[in-house]
Amino acid sequence: MSEESMEERLKRMIVDRLFLQIAPSEIEDDKKLVQDYGVDSVSLFELVVGLEEEFGIRVEDKEFNLRHFESVAALGQFVRSKLGESSSASSLRRSDG
Amino acid sequence: MVESSVTWDSGGRQIIGFLQEPSPSVAAKGTWLVCHPIFEERKAAQRILVETGRALTAEGWVVLHFDYRGCGDSEGAFECFSVSDWREDIRIASAWLAARYSGLSRGILGLRLGGTLAWVEAATSDSPFTRAVLWSPILHGQEYLAAELRRKLMKEMLTFGAGRATRDEWIRQLREGQSVDFDGYCVTPTLERDLGTLVAEPPFLHAPPEGLIVGLTPRGRSDPGLVRWAEGWRKSGGTCTLCFLAEPPFWSLIGLVPCERLIRTTCEWIANRLK
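So the sequence lines, in the order shown, correspond to chains A and B. Numbering of the first sequence is given in the numbering used here, commencing with residue 1 and proceeding in unit increments. Numbering of the second sequence is given in the numbering used here, commencing with residue 98 and proceeding in unit increments.
If you're looking for bench data, these hints aren't it; they were derived computationally from the structure. Idealized CB from N, CA, C, for every residue including glycine. Treat the hints with caution; some may be incorrect.
Claimed, not checked - For the chain B half of the interface with chain A, some residues (derived, Cβ under 7 Å), not all of them:
1) R248
2) L250
3) M251
4) K252
5) M254
6) L255
7) G258
8) A259
9) G260
10) T263
11) R264
12) T287
13) P315
14) R316
15) P345
What the hints assert, rightly or not - In silico lysine-lysine, BS3-like type, Cα no more than 30 Å apart, as pairs:
16) K82/A - K126/B
17) K31/A - K82/A
18) K126/B - K332/B
19) K249/B - K62/A
To be verified - Here are some of the chain A residues that sit facing chain B, going by a computed Cβ distance under 10 Å:
20) M13
21) R17
22) V39
23) V59
Model the full structure from these sequences, guided by the hints.
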């Protein structure tokens with residue numbers, strides 16, 4: 001069985017969290033979440049909580065910038081950078097120790 | 098079923114209530130006092146709470162909804178009141194209902210912050226409530242405010258492209274004595290401080306004899322905070338049913354949101370108490 005990609009995980013989470021009545025695969029990577037899928041401030045909140053739970057990251061207040069939340073592709077890039085931050089932080093901690 | 102608008106006085110302000118009663122030919126089984134959430138959640142939750150009241154009334158229960166001082170249709174400005182006033186409003190509303198329907202069992206149902214306020218009033222040694230139903234109640238008032246301020250950040254992001262401040266800055270502003278606007282509601286330093294005192298973490302000294310906690314979560318996933326709450330309730334001697342339903346957070350959504358399972362689960366739990 002093939003492993004789920006970051007974008008697939010994100011789409012599944014978006015459908016789950018926002019109670020969308022579409023299949024995750026119907027969400028296109030580059031389409032705008034706000035304009036094309038009706039994401040508003042309420043659903044964004046659910047989405048951010050979902051990102052934090054699903055990927056074990058923490059979205060800081062200063063990171064609330066629309067460019068990170070524009071599309072699944074943008075979200076994927078944002079989550080990857082956050083995961084990169086946390087893995088470099090943990091390798092730093094390991095090398096310090 | 099008879100529905101009527103009712104009023105009474107609380108702390109010198111007029112409270113507006115909405116009473117749902119079974120038809121006069123039906124003997125009432127008991128009463129339920131409904132504690133609504135605050136901020137915009139109150140408006141969004143209205144329809145589901147009224148529908149729940151109708152379902153309960155059809156089963157022979159009397160249901161009273163009301164707006165806290167400074168909220169909804171009740172008198173006063175939001176910024177003039179805080180948690181202690183709203184708790185007093187609950188006690189006065191409960192006494193008003195008991196005077197009208199004396200001798201009947203008394204239950205309390207609350208949603209979100211209304212659930213927490215309902216809990217706080219029901220979990221006292223001299224509480225008149227024998228049953229409590231809590232829908233996605235708030236565990237920590239301070240975390241609730243932090244989450245609401247996060248929503249404010251997201252609104253700013255959608256409007257301006259990015260948040261214009263951080264939550265730490267808003268909290269600092271509140272602690273320095275200034276108010277913060279949230280969705281057109283003025284959050285005062287008093288409210289911020291009082292919300293911080295609302296914590297529903299066990300151990301509990303007292304708990305209502307019977308209760309139902311319903312968490313609405315994506316896919317009906319369990320919420321560890323509500324699990325702890327239910328366990329604490331049981332340890333303090335009460336019985337508590339906990340369930341999670343995959344239904345949307347209707348208190349945040351505009352428009353028709355289907356919540357039949359929530360209403361059915363609640364009505365069935367209440368009906369089973371009489372068996």
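Here's how the hints hold up against the structure:
1. R248: holds (5 Å)
2. L250: Holds: closest Cβ of chain A sits about 5 Å from L250/B, inside 7 Å.
3. M251: Status holds, d = 4 Å.
4. K252: Because about 4 Å separates K252/B from the closest Cβ in chain A, which is inside the 7 Å limit, the hint holds.
5. M254: At 5 Å from the nearest chain A Cβ, M254/B passes the 7 Å test, so the hint holds.
6. L255: The hint holds - L255/B has a Cβ within 7 Å of chain A, the shortest such distance being about 6 Å.
7. G258: Given a least distance of 5 Å, the restraint on G258/B holds.
8. A259: At about 4 Å, which falls below the 7 Å cut-off, the nearest Cβ of chain A leaves the hint on A259/B intact, so it holds.
9. G260: At 4 Å from the nearest chain A Cβ, G260/B passes the 7 Å test, so the hint holds.
10. T263: holds (4 Å)
11. R264: Where the cut-off is 7 Å and the nearest Cβ of chain A is about 5 Å from R264/B, the hint holds.
12. T287: T287/B check fails; min Cβ-Cβ to chain A is 24 Å, beyond 7 Å.
13. P315: The hint holds - P315/B has a Cβ within 7 Å of chain A, the shortest such distance being about 5 Å.
14. R316: holds (6 Å)
15. P345: holds (4 Å)
16. K82/A - K126/B: Violated, because 56 Å separates the two Cα atoms, which is more than 30 Å.
17. K31/A - K82/A: Status holds; Cα separation ~22 Å.
18. K126/B - K332/B: holds (28 Å)
19. K249/B - K62/A: holds (13 Å)
20. M13: holds (8 Å)
21. R17: Nearest chain B Cβ about 5 Å off; hint holds.
22. V39: Result: holds, 9 Å to nearest chain B Cβ.
23. V59: Constraint on V59/A satisfied, holds at 9 Å.
Hints 12, 16, counting from the list given before, are not met by this structure.
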